[in-house]
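2 protein chains.
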Amino acid sequence: MKERWKSVFGMTGRKTQEKENMPVVELISVGTELLLGDIVNTNAAYLSRQCAALGLSCFYQSVVGDNAQRLRAVLAQALERSDIVILSGGLGPTADDLTKETAAALMGMPLVMDEHSLERIVHIFESRGLEMTENNKKQALVPQGALVLDNENGTAPGLIMCRDKKTVVLLPGPPGELCPMFEKSVRPYLERQGAGILYSRTVKICGMGESKVASMVQELIEGQSNPTVAPYAKIGEVHLRVTARARDKAEAAGMAAPVVEALVEKFGDRVYTTDPDVTLEEAVTGLLKENGWKLSTAESCTGGMLGARMTAVAGVSEVYKGGFITYSNKAKRKFLGVKKETLQRFGAVSQETALEMAQGAADTAKTEVAVSITGIAGPGGGTAEKPVGLVYIGCSVQKHVTVREYRFDGNRSIVRESAVSAALTLVRQCMLEWLAAQKEEAHQ
Amino acid sequence: MKERWKSVFGMTGRKTQEKENMPVVELISVGTELLLGDIVNTNAAYLSRQCAALGLSCFYQSVVGDNAQRLRAVLAQALERSDIVILSGGLGPTADDLTKETAAALMGMPLVMDEHSLERIVHIFESRGLEMTENNKKQALVPQGALVLDNENGTAPGLIMCRDKKTVVLLPGPPGELCPMFEKSVRPYLERQGAGILYSRTVKICGMGESKVASMVQELIEGQSNPTVAPYAKIGEVHLRVTARARDKAEAAGMAAPVVEALVEKFGDRVYTTDPDVTLEEAVTGLLKENGWKLSTAESCTGGMLGARMTAVAGVSEVYKGGFITYSNKAKRKFLGVKKETLQRFGAVSQETALEMAQGAADTAKTEVAVSITGIAGPGGGTAEKPVGLVYIGCSVQKHVTVREYRFDGNRSIVRESAVSAALTLVRQCMLEWLAAQKEEAHQ
Numbered sequence: 072m073k074e075r076w077k078s079v080f081g082m083t084g085r086k087t088q089e090k091e092n093m094p095v096v097e098l099i100s101v102g103t104e105l106l107l108g109d110i111v112n113t114n115a116a117y118l119s120r121q122c123a124a125l126g127l128s129c130f131y132q133s134v135v136g137d138n139a140q141r142l143r144a145v146l147a148q149a150l151e152r153s154d155i156v157i158l159s160g161g162l163g164p165t166a167d168d169l170t171k172e173t174a175a176a177l178m179g180m181p182l183v184m185d186e187h188s189l190e191r192i193v194h195i196f197e198s199r200g201l202e203m204t205e206n207n208k209k210q211a212l213v214p215q216g217a218l219v220l221d222n223e224n225g226t227a228p229g230l231i232m233c234r235d236k237k238t239v240v241l242l243p244g245p246p247g248e249l250c251p252m253f254e255k256s257v258r259p260y261l262e263r264q265g266a267g268i269l270y271s272r273t274v275k276i277c278g279m280g281e282s283k284v285a286s287m288v289q290e291l292i293e294g295q296s297n298p299t300v301a302p303y304a305k306i307g308e309v310h311l312r313v314t315a316r317a318r319d320k321a322e323a324a325g326m327a328a329p330v331v332e333a334l335v336e337k338f339g340d341r342v343y344t345t346d347p348d349v350t351l352e353e354a355v356t357g358l359l360k361e362n363g364w365k366l367s368t369a370e371s372c373t374g375g376m377l378g379a380r381m382t383a384v385a386g387v388s389e390v391y392k393g394g395f396i397t398y399s400n401k402a403k404r405k406f407l408g409v410k411k412e413t414l415q416r417f418g419a420v421s422q423e424t425a426l427e428m429a430q431g432a433a434d435t436a437k438t439e440v441a442v443s444i445t446g447i448a449g450p451g452g453g454t455a456e457k458p459v460g461l462v463y464i465g466c467s468v469q470k471h472v473t474v475r476e477y478r479f480d481g482n483r484s485i486v487r488e489s490a491v492s493a494a495l496t497l498v499r500q501c502m503l504e505w506l507a508a509q510k511e512e513a514h515q
Numbered sequence: 072m073k074e075r076w077k078s079v080f081g082m083t084g085r086k087t088q089e090k091e092n093m094p095v096v097e098l099i100s101v102g103t104e105l106l107l108g109d110i111v112n113t114n115a116a117y118l119s120r121q122c123a124a125l126g127l128s129c130f131y132q133s134v135v136g137d138n139a140q141r142l143r144a145v146l147a148q149a150l151e152r153s154d155i156v157i158l159s160g161g162l163g164p165t166a167d168d169l170t171k172e173t174a175a176a177l178m179g180m181p182l183v184m185d186e187h188s189l190e191r192i193v194h195i196f197e198s199r200g201l202e203m204t205e206n207n208k209k210q211a212l213v214p215q216g217a218l219v220l221d222n223e224n225g226t227a228p229g230l231i232m233c234r235d236k237k238t239v240v241l242l243p244g245p246p247g248e249l250c251p252m253f254e255k256s257v258r259p260y261l262e263r264q265g266a267g268i269l270y271s272r273t274v275k276i277c278g279m280g281e282s283k284v285a286s287m288v289q290e291l292i293e294g295q296s297n298p299t300v301a302p303y304a305k306i307g308e309v310h311l312r313v314t315a316r317a318r319d320k321a322e323a324a325g326m327a328a329p330v331v332e333a334l335v336e337k338f339g340d341r342v343y344t345t346d347p348d349v350t351l352e353e354a355v356t357g358l359l360k361e362n363g364w365k366l367s368t369a370e371s372c373t374g375g376m377l378g379a380r381m382t383a384v385a386g387v388s389e390v391y392k393g394g395f396i397t398y399s400n401k402a403k404r405k406f407l408g409v410k411k412e413t414l415q416r417f418g419a420v421s422q423e424t425a426l427e428m429a430q431g432a433a434d435t436a437k438t439e440v441a442v443s444i445t446g447i448a449g450p451g452g453g454t455a456e457k458p459v460g461l462v463y464i465g466c467s468v469q470k471h472v473t474v475r476e477y478r479f480d481g482n483r484s485i486v487r488e489s490a491v492s493a494a495l496t497l498v499r500q501c502m503l504e505w506l507a508a509q510k511e512e513a514h515q
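Just so you know, the protein sequences line up as chains R and F, in that order. Every number in the working numbering is 71 more than the matching position in the first sequence, counting from 1. Every number in the working numbering is 71 more than the matching position in the second sequence, counting from 1.
Among the hints, a few may not be true.
Covered by chain F, per the in silico footprint, the following chain R stretches (three or more residues, Cβ under 8 Å) [as the list claims (entries may be wrong)]: (1) 101–114; (2) 160–173; (3) 245–257; (4) 283–293; (5) 387–401; (6) 470–481; (7) 508–514.
It is worth saying that the hints were derived from the structure and are not from the lab. Glycine residues also receive a C-beta, built at the ideal position from the N, C-alpha and C atoms.
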C-alpha cells in the first residue's frame, strides 16, 4: 500500500511552483470592535478565501484598533514581509477612522480631494434626503496617485496604492460594501498580479476518527508539496482536502484527480462525497431519492436536531415524511408504541428501546427507512452503568433493524451533535448494506 | 423621560479607571485553515469578549499558519509588546501541529511527559474503543513547569507558561474544547492578574426589532461612559449589555443596578431576563415549571429546530413532553389530526393549519401548552400570494389558541431560525397573557 501511495504521489507530484514570482498577500483588519469581540471577523475569512482562490499565499493576518501609532507599526511590518497588504475598516467619516491617513503617510502620498468621489457622496446624501456634514467630505480625500474604487453600497471609496513594488489596498469595513467592491475591482486587479491558481477537492469521510484517518494518509501528508492533502476534523466526520497549484484550472484539476481517486479507493464506503458543497445529510437524501424511499425519525436526547439537520436540505420534502420527538417515556409509548415493559425492564436508554423506537417510527409514519436516537446527553442523568455520553441509535431499512451503542465524550451539546452525525452515518451505512445484500441475493 | 435617563446616568457615571497597571493581552490564532478562509475565526471574537469582560486591554490579534519559523517570529513579537499571549490551535496529534513545541522552545521550557494527561488520553481512547496511535502520546508532552489544564472535551490539554513576567496560554482550537477550558481554568487565572474588573449585566428583550430598541435607548447610549449600554442584535432578540468598570464586583454591580432597573421598567414584559446566562428557551422552561405545565411542539418548516432548542436546556424533561415533525401533509394529518379539507382549502401554510397543528399537538401529547410552526422557508416553494418567509405560528394555552402571521427576510436558515425565536416569544407571551387574564377574572 505504501508503494501505491508513492506512485500516485510521484505521478502527480511536482515541485511547488517557484514562489519567488508569486506575490505574498497579508491582511490587516482595523477596528476596536474586533479587539473587543463585538463582531466576528468574517471579512478576514472572506478575503483569505478569495486570495487562496487566486493562488496568492497569505502567511499573516492581523487585527489592530483605531490607533494611528499601532496601525502604522503593523502596516510597516506587513510591507516589509509581504508584497500586497489589504486593509479593511477605518474608512468612515468620524475622527477615529484613520486607516487612509495612516497608510497614505506611510506610502508618502499626500491626500488630495477627489472630485469624482465627492460628487458621489454629495449625490448619496441628496438622494437619501440627509444633510451632509463637513466630516463626510473627508471620505472623498484620496492619496495622490492612488487608484480610486467606487463604492456602490456606501460612501467610502476603496483605494489601491502602489510604490516601490509594494501594493496597499484599502477597503471599507462593512461586509456589504467590502465584498462587492472586492469582486468588482480588487479581484481583477489581483488576477493580473498572480501567477496560477489553487484548485481544491474534498474527500469527505464519515464514521472514522481523525487520528485513524490521519494515520492512514500520514505518508501522503508528510511528503506533500503539490498537490497537498490536509485533514480537517468535524464532529463525526473527517474531510481530506486535496489542493493543486497550477497555471490554470484544467491543469490543477488534472493534478488533483488521481490523488482524489486513490483516497476514494482507500476509504471505500466511508467516503460519502468528493464534492466540497455536499453535506452528509444531502448524501443521505440522495441515497433515499435514488431508491424511492421515505425516511422518518424518532429522537429522544437529540430532541429534534436530526430532523432539523435533515430539513436544512432544500427539497428534502420529497423523502422526509416527518419525525417524533419523544422526550418523555409517555411520548415514547404513545407516539411510537414502545412497550411499557421494555421501558421498565431495560430503561429509556437501551438497545431494546432504540429498536422499538425505530420500528415504531417506520410503522406509524409508514416509511421504508427510520432512524431512532436515545441516550444520556448530560450534564445530569448519568449513572455508573449508564454514563453521560451513552447513546443507542437504531435504524430500520425495509423492516430490517440495526441498533448500535455509542459512547461520546464532551458536553451536552457535543454529545447531541455527535449522536446526530452518528445517526446519519448509520442510516447511510444500513441503506448501503441492505442494497449490497439484495444485490448479492440476486446474484445467487 | 429624557430627564429620568440623565439622572439615572449621572448618578452612576464615573471616570474610567486608569489602565496603567492592567496587563495587556494579545491573541494569536494558529492554523492554515484560517489563512485559507476555510473557517471563520470565532475563537478570536470569543477570547476578545472574555478578555474585555475581565478588563484586560487587547491591542493586537494575529493569525499565522502551522509553520514553526513564522509562528516563532509572531510569538516573539507578541511577548515583546504584551504581557499575556493567548494562542489557540495547533495542539493536535499530527506532525503539522507545532504550537506547543514552538512556544516551549521560545520560553526555554523543555517538553516532558505528563503522566496525568497521558492517562486521560489513554482513557478516552479506551472508552471510545479506539486504538491509540503513537502520535496521540505527543499530546501528553508538556513544557516543564507549565500549569496543565485538563481538557474535558478532547485529548489536547491546555497549558499556562510563565517566565520573566510574561505569560503564554495555549488552548486547543476547536471551540467546543476552547470555550469550556477558558471558562473553567483560564478565566479564574486571568482574574487574579487583572486590576479592577468589568462587570456586565444583560437585559434581554424579545419580540422587538433592533432599531426600535436602539431608538428607545439612544440618549443613554450616546451619553455613556461608565456604565456603558450597548445593544446586540440576535435573531428575534435584542440584548442590551450594561457594563460597569470598578475596583471590585460589588462596586461595579452597584453602579450597573439602577441602569438595569430603568431598562426593565422601560421595556416591561418584553424583557425575559436580566441574567446573561439565561436563554429565551430557559425563560420559557421556567414559566412552564412555575405553573406546572407541560409543553409539546408541532413543526413543519423548522423540522425539529424548536424541539432541538428546547431540549438544549438541561433538565427540560420536567416540562417538555415531546413533539411532532410533520414535514409532509400526510404527517400533519396522521400525527396531529389536521383535517384533509383544511389542507386542501387553505393549504399547509395557513392560519387554519397552524391552529389545527397546535390543537392536535396539545390533544395528542396531552399538554397544557402547545406551539406549532408552518411556513415557507425557501429557497423554492414561494408564490406571489404566499412568498418565501411567510410563517404561521400557533400557540395553545389551556385550549385557548392564538395564531399569528409573520413575514421573515433572509435565506432558508435565517427564516427557520427567525421562526423558532418567534415561536418561543409567542408561547411566552401567550402564557403571560393567559395568566394575566386569569388574575383579572379572579379580581372581578
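Evaluated hints:
1. 101–114: holds (count 9)
2. 160–173: It is violated, with 0 qualifying residues against the three required.
3. 245–257: violated (count 0)
4. 283–293: With 6 residues close enough to chain F, the hint holds.
5. 387–401: Our answer is that it holds, as 12 residues pass the Cβ test (under 8 Å) against chain F, meeting three.
6. 470–481: holds (count 3)
7. 508–514: violated (count 0)
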